[in-house]
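From first to last, the protein sequence lines stand for chains A and B.
Residues in the first sequence are numbered consecutively from 14, following my numbering.
Residues in the second sequence are numbered consecutively from 14, following my numbering.
Hints may be right or wrong, so weigh each one.
Identical copies look the same in the list; a pair holds intra-copy or inter-copy alike.
Think about it this way: if two alpha-carbon atoms lie no more than 20 Å apart in a straight line, the pair counts; the simulated SDA-like pairs of lysine to any residue are [to be verified]: (1) Lys273 - Tyr137; (2) Lys273 - Val221; (3) Lys115 - Glu287; (4) Lys173 - Arg325.
Rather than coming from a laboratory, the hints here were simulated on the basis of the structure.
Protein chains: 2
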Amino acid sequence: MARLGPGEVRTVACIGAGVIGGGWAAHFLARGYRVVAWDPAPDGAARLTRLVDRAWPALTELGLADGADRDNLSFAGSLSAAVAVADFVQESAPEQLELKQKLLADIDAATPAGVVVASSTSGYGMTEMQTAATTPERLVVGHPFNPPYLIPLVEVVGGKLTEQWAVDWASEFYRLAGKSVITMDRELPGFIANRLQEALWREALHMVANGEATVEQIDQAITDGPGLRWPAQGPCLTFHLAGGEGGMAHMLDHFGPSLKSPWTRLEAPELTPELHDEMVDGCEREAAGRSIADLVRERDRAIIAVQRALGREHG
Amino acid sequence: MARLGPGEVRTVACIGAGVIGGGWAAHFLARGYRVVAWDPAPDGAARLTRLVDRAWPALTELGLADGADRDNLSFAGSLSAAVAVADFVQESAPEQLELKQKLLADIDAATPAGVVVASSTSGYGMTEMQTAATTPERLVVGHPFNPPYLIPLVEVVGGKLTEQWAVDWASEFYRLAGKSVITMDRELPGFIANRLQEALWREALHMVANGEATVEQIDQAITDGPGLRWPAQGPCLTFHLAGGEGGMAHMLDHFGPSLKSPWTRLEAPELTPELHDEMVDGCEREAAGRSIADLVRERDRAIIAVQRALGREHG
């Protein structure tokens with residue numbers, strides 16, 4: 014079977030016209046693809062149109078790909094009609110396991126052989142979703158962030174019955190479609206970014222539940238605090254700089270004991286020599302030769318640019 | 014005693030010339046204050062000068078206050094000489110409890126009556142730090158984020174022996190000095206922002222320890238994912254929008270069960286009707302009449318601005 018290369022995709026089927034499905038449709042249109050959508054709801058087409066219309070000005074401002082056209086969107090009369098013409102399928106149905114299992118089996122049955130099918134699920138592993146499919150080897154998770162037309166991250170991971178070529182193909186396709194891809198080599202509940210986000214969210218809920226902080230204080234704590242650093246440098250590099258010239262190694266030596274402190278309800282792992290070294294080595298790999306002073310300069314420039322972009326510079 | 018108003022402060026004493034103390038010195042200089050610094054290390058003055066020199070171009074670019082001058086920085090020969098001339102004292106010594114207790118008592122003894130003394134501590138409560146001071150009622154925590162000259166957030170909270178006027182005075186002073194202030198009405202280990210950050214950090218360490226994710230994947234997951242939303246809208250408003258037109262109420266109904274999922278090692282609190290309502294009401298208060306569509310437009314504009322500012326728009 015001559016399989017289409019990730020760079021040869023012309024038509025993407027978007028199944029589901031909710032916030033995520035509509036966001037994907039907008040993204041693929043802006044990157045120059047034809048999009049065929051389908052949703053079982055009677056107002057699905059209207060909802061999808063509204064979602065894409067709302068996103069389009071932002072996407073235009075950000076820069077459309079050559080040939081990108083709002084009118085490359087069509088709405089199919091049936092699931093099978095939508096996926097029959099697809100070079101890639103993105104499923105974004107509600108988060109209900111049985112629904113996903115059945116829908117992915119239906120998609121699989123109607124999609125041309127060799128075409129990769131990705132699920133936007135934020136909660137399920139592909140292993141538990143692919144059980145009813147006839148050719149489960151081409152089913153992968155392609156988990157986006159809201160809104161998919163602006164947040165670059167996609168986490169790609171297969172299930173037990175997924176073949177490696179499908180994971181690789183999807184990762185390469187998303188990259189060509191302008192996404193920032195993390196390819197995971199094993200299933201993990203919540204994947205990576207949602208585990209990080211969920212830990213923060215649960216701690217926030219605990220604080221509100223206990224009357225320790227208000228919703229507004231929690232949001233202010235992030236938007237005016239660590240949230241300003243994270244678009245530029247993630248949590249590991251952030252702490253690499255918190256260690257001063259000594260970087261992550263000094264940070265772990267100095268603040269290691271604080272992992273025993275009740276600073277969150279989440280218990281910390283033991284800071285073994287192996288974990289210590291992995292954190293230090295990882296930061297060195299990311300720094301890729303840049304000194305702490307270099308990284309501080311980059312961080313400062315980025316924070317200033319972000320503040321300015323948000324209209325928050327000093328008067 | 015005629016106490017100086019928060020708007021009448023001219024001279025700030027910065028005690029400690031590490032990354033945080035130096036960052037505070039740079040911030041106060043840029044906002045037009047005179048800064049008298051002190052550090053017990055032989056190379057303290059040189060280190061402080063280097064830190065301020067490195068920060069100054071960024072601060073100049075961001076916009077200096079009227080009268081701000083890099084040369085308004087001096088280094089005192091002793092702790093008592095530094096605080097004797099201060100209208101406000103910011104202590105940023107290493108995170109060691111006994112050292113902080115002793116140092117705050119020494120500062121308290123040498124600082125003019127009625128002058129507020131704030132500690133940059135990220136780990137201790139003022140109740141445990143103020144034990145040796147003679148006039149502990151004017152001691153508060155004023156916890157900044159790195160770098161203090163660019164990240165606006167300061168968390169202000171007193172200890173058991175702190176009087177309310179000192180908490181209010183410090184909060185107002187920081188606001189006038191250009192900071193975004195959260196005034197807490199009770200002590201909480203790690204305060205608010207660090208509890209959120211620490212939950213995320215511990216989950217990250219768990220993933221690295223278990224070989225589930227690399228340092229680079231964790232940083233990419235944040236910088237290219239949720240981290241792009243958080244400078245504009247905190248975690249609560251972010252999820253308010255994840256609920257579509259139904260907002261936080263729909264989000265909690267739809268994703269509430271996921272609080273039982275093993276998406277992080279942190280156990281979630283029970284989603285009681287009270288917690289449900291507090292989250293929904295808090296988001297409504299923050300939205301302040303803005304519809305979900307309004308907030309989506311604001312979020313999209315902000316994410317685009319941030320991406321552009323970081324040079325990440327599509328080619």
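If the cut is 20 Å between Cα atoms, do Lys173 and Arg325 qualify within a copy, between copies, both or neither? neither (48 Å within a copy, 35 Å between copies)
Within, between, both or neither, where Lys273 and Tyr137 count as close if Cα-Cα is 20 Å or less: Intra 32 Å, inter 13 Å, cutoff 20 Å: inter-copy only.
Between copies, within a copy, both or neither: which fits Lys273 and Val221 at Cα up to 20 Å? Answer is between; shortest inter-copy Cα gap is 18 Å, intra-copy 23 Å.
Could you place Lys115 and Glu287 in one of the four classes (within, between, both, neither) given a Cα distance threshold of 20 Å? neither (43 Å within a copy, 36 Å between copies)
Comparing the model with each numbered hint stated earlier shows that hints 3 and 4 do not hold.
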